[in-house]
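Number of protein chains: 2
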Amino acid sequence: MAKKNPESSSVPALQGDGRRRAVIGAVTPQVDDGRFAVKRVVGDVVEIEADCFADGHDVLACRVRFRREDDRTWCEAAMTALGNDRWRGTFTVDELGRYRYGVCAWVDPFLTWRHDFARRIDADDLRIAARTGADFMAAAASRARGEHRRRLTEASRKLREATELDVLRHLALDEEVGILAAQYPDRRHESTYPVEFPLVVDRERAQFSSWYELFPRSMGAPDTHGTLRDCEACLPYVAKMGFDVLYLPPIHPIGRERRKGKNNTLLASEDDFGSPWAIGAREGGHKAIHPQLGTLTDVRSLVAAARSHGLELALDIAFQCAPDHPYVESHPEWFRHRADGSIQYAENPPKKYQDIYPFDFESVQWQALWEELASVFAFWAREGVRIFRVDNPHTKPFAFWEWAIARIKQEHPDVIFLAEAFTRPKVMHRLAKLGFTQSYTYFTWRNTKQELTEYFTELMAAPGRDYFRPNCWPNTPDILPESLQVGGRPVFMARLVLAATLAGNYGIYGPAYELLEYAPREHGGEEYANSEKYELRRWDLDRPDSLAPFIARVNAARREHPSLQRGQLAFVATDNDELISYARVDAASGDVILVVVNLDPHHPQSGWVSLDLAALGLEPERPFQVHDLLSDAHYVWNGPRNFVLLDPAQAPAHILHVRKPLRTEHDFDYFL
Amino acid sequence: MAKKNPESSSVPALQGDGRRRAVIGAVTPQVDDGRFAVKRVVGDVVEIEADCFADGHDVLACRVRFRREDDRTWCEAAMTALGNDRWRGTFTVDELGRYRYGVCAWVDPFLTWRHDFARRIDADDLRIAARTGADFMAAAASRARGEHRRRLTEASRKLREATELDVLRHLALDEEVGILAAQYPDRRHESTYPVEFPLVVDRERAQFSSWYELFPRSMGAPDTHGTLRDCEACLPYVAKMGFDVLYLPPIHPIGRERRKGKNNTLLASEDDFGSPWAIGAREGGHKAIHPQLGTLTDVRSLVAAARSHGLELALDIAFQCAPDHPYVESHPEWFRHRADGSIQYAENPPKKYQDIYPFDFESVQWQALWEELASVFAFWAREGVRIFRVDNPHTKPFAFWEWAIARIKQEHPDVIFLAEAFTRPKVMHRLAKLGFTQSYTYFTWRNTKQELTEYFTELMAAPGRDYFRPNCWPNTPDILPESLQVGGRPVFMARLVLAATLAGNYGIYGPAYELLEYAPREHGGEEYANSEKYELRRWDLDRPDSLAPFIARVNAARREHPSLQRGQLAFVATDNDELISYARVDAASGDVILVVVNLDPHHPQSGWVSLDLAALGLEPERPFQVHDLLSDAHYVWNGPRNFVLLDPAQAPAHILHVRKPLRTEHDFDYFL
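Residue numbers (my numbering), protein chains in the order written: chain L, 14 to 685; chain X, 14 to 685.
Calculated from the structure, these hints are not laboratory results. Please note: incorrect hints may appear among the correct ones.
Said to hold, decoys possible - For lysine-lysine, the following DSBU-like pairs were computed, each having C-alpha atoms within a straight-line distance of at most 30 Å:
1) Lys171(L) <-> Lys365(X)
2) Lys171(X) <-> Lys275(X)
3) Lys364(L) <-> Lys365(X)
4) Lys171(L) <-> Lys364(X)
5) Lys462(X) <-> Lys673(X)
6) Lys365(L) <-> Lys171(X)
Can you make the complete structure from the sequences, with help from the hints?
Okay, here's the thing in structure tokens:
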């Protein structure tokens, strides 16, 4: 039988706010109606829009309000009407951390009166309305102070005393008095949108970063295990290429139990070094350093040395344990146990990963587990690390990440978390929503013009663009995509240009990338042959065919051009499907970059690029210069359609800086 | 200085729900994240979708839950995975009133175990996993009762005791046991979407109704003021045309002060009857009946007589007062006062409407005003009226309507409110969201194929389709659209067919419509010349050129064809812009109607109609019959492209019932 539920009456209560006539809706940007934060970086102008309207034809006043989350006081900025009941207001975020924003609106009796007054004709009407106006001005005066109060009181008195129609009209519609009175509005019946939308402000590097991943153990002298000190010695090499984030795979002790051998073989031999992601041994776990790599002092030294080269250290946090990780003994309750009492290793039946123990987040001791894992980030943050690349976050509960990231950022709002989640789209989006600063993407497998255009168009769409910051990787230690296996040098160049110019954040796994490493472990697979994940590699960084100088040019273009850092992406039509083209436009600086890439590594491709000149800030009638930042060549282009020929044997891409129109004879003033 | 706000910590609390690994989002349908109700009618199958997923690869169970709003007990229905982490579940609403629905999901350990078990190969693994499975079955047994508990206990015991791999596999994956155990899931870590979405279930007429508006005072004998009794005498005429709602303009006493004369002239003469929308005089206000129309007894009689003709009475509720409305004296505080002490009449400077006093919803006594206005609906509802056409709701506060409609529907869930808001799109949508059952539309001014296609495509889009029920009117007493002024009989026929077949709800203002009244008061205006709003009219209902028989055919088609009542609308391509075509398809009954209208009233137009045969449930290889419900002609069509010729001099439209494919020789079984 149906039980009556007295709380869920559908009739709104007849209380207090019946005279709030303004309604507010469809506030943008927003993520899931304020459940998650919108992301911006320091210095951004945040543009808020909302539908605001009231019954009837009275005049509305709308404001966007905003505050730091830990500050009770709201700031306000006026919103202006865009038409069709849509309003827009902006504010600038100049501090790191969490903000809130919202929208309020009210039917403004003074503005309504003034709007109507200006349209009145009848003399009696004008006289009666003037008296009402004088009352409104007096009321505004009562809300003002000092000089403003004096002036409004005076304006009210004059309007009340005036009798001549012309004088009365002049006084009532006086522009200065109007602006002044509007500053002291009657907000008794103000409506406030019920959601206080969260906003996270990160530092600039959250949206613009160039990552270089390397295995420190491969950086030593021949036949020796490299160290963090060796890594430090590589900094000039990495910095010269123009990267700003140096990212290291896990630097912790590597498990010995069930250690994997070279090329992921099941049994390691004595001289195998194991995978850095098999974390933990008797020397320690996630807060310890692999003895062969160095010490905490070496980490501190590396952080400082990197900084002096314009590089920031990023650590890899992988929440999983080797069987000999100290947690296994000290906290067996953090792991799942099989019916035979053994600890459950990672598996995806029938596949088994017996060298890895996943944490059991359904453990009775889940709170202690959460606290301990969060303390790992806190530990490294205290050592000066401010960027974490998080391994497989999609295999740990979403609620944990939301809590852990908020907790770390509360103390260190400058921390950046990159989610290494190559998984289903909604899972990747959820991780970005709940707090990850940057996200790995499907770029790694998007090769054709159509694939790239569709994917980046999707990434630019709301609300994703407000929380999902793509970080594009053409390769990783786990992924040697098929395109790199077969396309040779032109593909390595093209994929690098695409990654570096389609998104603000990108990275490569080197030196495998610049040294054109292309051999897979097995045909049809994406694992590197002789992967550094399981063995030391020797890299000849001075090889003449290295892409390092090319990469340096691409990164230089990124550093010099604000449009490649934060510019709007717009695809540009070409008449050849092997040629992809897009513009990056930074409205604030006026900087414009046009990229054209030949996706065919084997043949020269040519075609016509059709520009939207107005969108690029160009006049249709005047020729303009484009400067290829890769080849340093200059071209004069004219009109919207321009010819491009790209020979992959030389360079598969243009990164064209679009320059101001050339001077013509019309620029001279012949009549001086 | 910034004040710390301790309540707004951004770190979620480390409490209770850390093991809820399933997340739920993007629930549809929904209106503004549950701020407003989704609308359905009795008998509808409500289809709910949501994104549901968890970390890792464990198996999820998802359910849609629903309840009547006044019932605490949730019902549940299983959801099934559609791919890409999208799930769908359905339930049927079989009662009037308000419901709530939501979604819950959990990582199901038993289903995960079963999924993994089926993929295991290793014998040791299978044996160990079987023991875990036996535990899960025992746990399910502990949540079950009676026979189910017995069977699950038995299954658990057998699995635990089995040793042979084959037996073990058989017992673990037994289909019946699997289904049974899944009925008693471990829901300790269940996630529930935080919003309980509201749903309003109306009666069928909310989505399918045919309105006929008439002025009772014009229904009398020549030169006499018509009465409600005269109106009763007209019922057979209206019923014969196939309408099911008889809608009357306000039936209240008409103000005498500042009464308007014929054609809206400023001063009425002695024998002018005034506008029914100038409500209230010494005889009473919104709860009284104009003495010249009759008495409350006559209203009751009309309600009953209408019902016997299959018609339902709809009253017009216009919340505004003539200067001599009793409220003006008894409740001067419900009106705005000018600075000279007089009551503020309606105005939109410089225009004045001195015969109308609007209510002041910002009155100090707003609560009493709200109560009184709501009591007007309640009064007429008590007299058996269940449909209200609300005049200009957009000039009264949204909050008032939300409260008033909820209040009336709480007592009378079968009441239908039609919003007469011809205003800006977002205002119209807000009124529909907050509770109006049906809404007037821009159909009245949408004439071309492109205009109609765009507008109805917009109306079909989510979320509008879930709360905005269009009611299409080709004319109203206020609006004689330009098309009807110049297009003659073919336009009246075409516009009627469009209104009656594009939407479930439509209406006409008659007899002006069927008698082809086309003269405007002034060139360029939309007011009728000699409008019934200000004077009595005599209508010759038996005129041979009346459209009444044509209208009857159109309404008969609507009554006989479920697709015209609730079928999905899909536009159909034609190669002639003067020919618009669309299908209405009712999936449940298989009923399909195809409409083709010639929008050119002056010339025959022909062209090819391109059908999506599969969408209409037709086989590509077989001819099919279409039956024109207007002309009674039958055509045999074949394949997707078919020729249509419509001569406006005869009939500007086809309403084609698409019939099952014709029999062919292949249907005979020669081999019997």
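To see whether the hints hold, each was checked on the structure:
For the hint pairing lysine 171(L) with lysine 365(X), the CA-to-CA distance comes to about 28 Å; that is within 30 Å, so the pair holds. Under the criterion of a C-alpha separation no larger than 30 Å, the hint pairing lysine 171(X) with lysine 275(X) is inconsistent with the structure, at around 92 Å. For the hint linking lysine 364(L) to lysine 365(X), the alpha-carbon distance of about 82 Å lies beyond 30 Å, and the restraint is violated. Restraint check: the Cα-Cα separation between lysine 171(L) and lysine 364(X) comes to about 28 Å, which is no more than 30 Å; the hinted pair holds.
A C-alpha spacing of about 29 Å is found between lysine 462(X) and lysine 673(X), which places the hinted pair at or below 30 Å, so the restraint holds. A distance of roughly 28 Å separates the Cα atoms of lysine 365(L) and lysine 171(X); the hinted pair therefore holds under the 30 Å criterion.
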